[in-house]
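Participant: Sequence:
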Amino acid sequence: MRTVAGQVFVLQVGVVLLLVVAAVAALVLQSRYDSEREASNRSMAVAESFANAPGMVSALRGRDPSAVLQPLAERARKGSGVDFVVAMTPQGIRYTHPNPARIGKHFMGSIRAAAEGRTVQETFTGTLGLSVRSVVPVKDSHGKVVGLVAAGITIKKVSGAADQQLPLLFGAAAAAMALATAGTALVSRRLRRQTHGLDPAEMTRMYEHHDAVLHSVREGVLIVGGDGRLVLANDEARRLFELPPDAEGRLVSELGFDPHTAALLSSGRPATDEVHTAGERLLSVSHRPTDRDGGPPGSVATLRDTTELRALSGKVDLARNRLKLLYDAGVSIGTTLDVVRTAQELAEYAVARFADYVSVDLADSVLRGEEPPDGAPGVGSPDTVGSPDTGSWGAVAAAAG
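Those letters in the sequence shown? Residues 14 to 414, by the working numbering.
Since the hints were derived computationally from the structure, they do not count as laboratory data. Wrong hints could be hidden among the right ones.
Calculated cross-link-like contacts (lysine to any residue; reagent style SDA-like; alpha-carbon spacing at most 25 Å) [as the list claims (entries may be wrong)]:
(1) K170 x F183
(2) K157 x F183
(3) K170 x K152
(4) K170 x R231
(5) K118 x V81
(6) K91 x T138
(7) K169 x V81
(8) K152 x H119
(9) K152 x A187
(10) K118 x F183
(11) K170 x Q134
(12) K170 x R76
(13) K152 x Q83
(14) K170 x V81
(15) K91 x R50
(16) K169 x V226
(17) K169 x R55
(18) K170 x R88
Label pairs and their calculated CB-CB ranges [to be verified]:
(19) T194 x R88: 51 to 61 Å
(20) E51 x L199: 19 to 29 Å
(21) G19 x V288: 43 to 53 Å
(22) T194 x R125: 37 to 47 Å
(23) L199 x K91: 14 to 24 Å
(24) Q43 x Q104: 22 to 32 Å
(25) E129 x Y46: 47 to 57 Å
(26) R354 x T290: 42 to 52 Å
(27) R206 x R301: 20 to 30 Å
(28) A198 x A35: 50 to 60 Å
C-beta: ideal position from N, C-alpha, C; glycine also.
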């Protein structure tokens, strides 16, 4: 789980699990609270109904209240679903109880407020265990308290009612957990494809390396999206095209590129070392689409400033041509003793490869076939012996001829 997708998956599953557990716990607590509240309301309703039943006052004042009230209390207990219905004196001596052995003994619980004419609701541990109970007074026609009635439901029964809902809660929680896990797995799978399964350290290292390369290379790099908007431009590309700071996200047609350059960047057409202009600069542009191997739509262009290189290349070509001319002339010219022929050969090489026209100046004595005297100042008038415009070659003429 070192990959980003794996870590996100674990985190999301953990969060979902925590939320599901918290939700289940909250629902269980709410269910038990609702069950206890419902038990409290039911016990109060049963106690009030039994206390206000016809003949209740006369039964409490009779000779044997237990004989009259015990069957009625048991019938009410079983019919209402409570665990006990107890009728008692204002002092708390029982007349009825689910366990007949408890009749005649003191009721366990708070009855002072009920003996004073008020109702009591509480959770108390009695002979049947911890229970939710209600105690109401029985009053005669003059408002005098002549007895008390208590009804209650044990917490065990309340918890059992709440626990019956747990399978449904756990089933819903399991279904929610399964759906959330499946959704998280799909999201993580997509994230894994997008991050190529890289862990955070690898992604950080890749970003640092790519960022360093983009900002340090002497070639300009432009990345254009499929919608024709500039996605990225490194420092060299910004310098070459003098791009504004907010260039990213704008259409390439709005950034002041040369029309041919803008058309190339927008077209996605592959190109290799095409020459484009950027102001007074000459750029060599290579352009490739990025979606050939399943990548995102768009293209990337690399740019090289070839202005200085082309100027230097021209100088090198000029020097190379001169050296070749000297070499060829040294090999071919002057292989005969004929001065005129030698001058003709010199003109042929020079005009064809170097000059627009060539003139050869010869001493008068040389033209007469004599050796030139030492320090002879006289020379014949220059004669043009070759011209590329006419494609013909003239002969060297004697100055005195």
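Participant: Give a verdict on every hint.
Facilitator: Quick rundown of the hints versus the structure:
no. : hint                    : result
1   : K170 x F183             : holds, 20 Å
2   : K157 x F183             : violated, 52 Å
3   : K170 x K152             : violated, 31 Å
4   : K170 x R231             : violated, 82 Å
5   : K118 x V81              : holds, 17 Å
6   : K91 x T138              : holds, 21 Å
7   : K169 x V81              : violated, 30 Å
8   : K152 x H119             : holds, 20 Å
9   : K152 x A187             : violated, 54 Å
10  : K118 x F183             : violated, 45 Å
11  : K170 x Q134             : holds, 17 Å
12  : K170 x R76              : violated, 35 Å
13  : K152 x Q83              : holds, 19 Å
14  : K170 x V81              : violated, 28 Å
15  : K91 x R50               : holds, 20 Å
16  : K169 x V226             : violated, 72 Å
17  : K169 x R55              : holds, 16 Å
18  : K170 x R88              : holds, 19 Å
19  : T194 x R88: 51 to 61 Å  : holds, 53 Å
20  : E51 x L199: 19 to 29 Å  : violated, 42 Å
21  : G19 x V288: 43 to 53 Å  : holds, 49 Å
22  : T194 x R125: 37 to 47 Å : violated, 57 Å
23  : L199 x K91: 14 to 24 Å  : violated, 55 Å
24  : Q43 x Q104: 22 to 32 Å  : violated, 40 Å
25  : E129 x Y46: 47 to 57 Å  : violated, 29 Å
26  : R354 x T290: 42 to 52 Å : holds, 50 Å
27  : R206 x R301: 20 to 30 Å : holds, 23 Å
28  : A198 x A35: 50 to 60 Å  : violated, 22 Å
The structure fails to meet hints 2, 3, 4, 7, 9, 10, 12, 14, 16, 20, 22, 23, 24, 25 and 28 from the earlier list, while all remaining hints are met.
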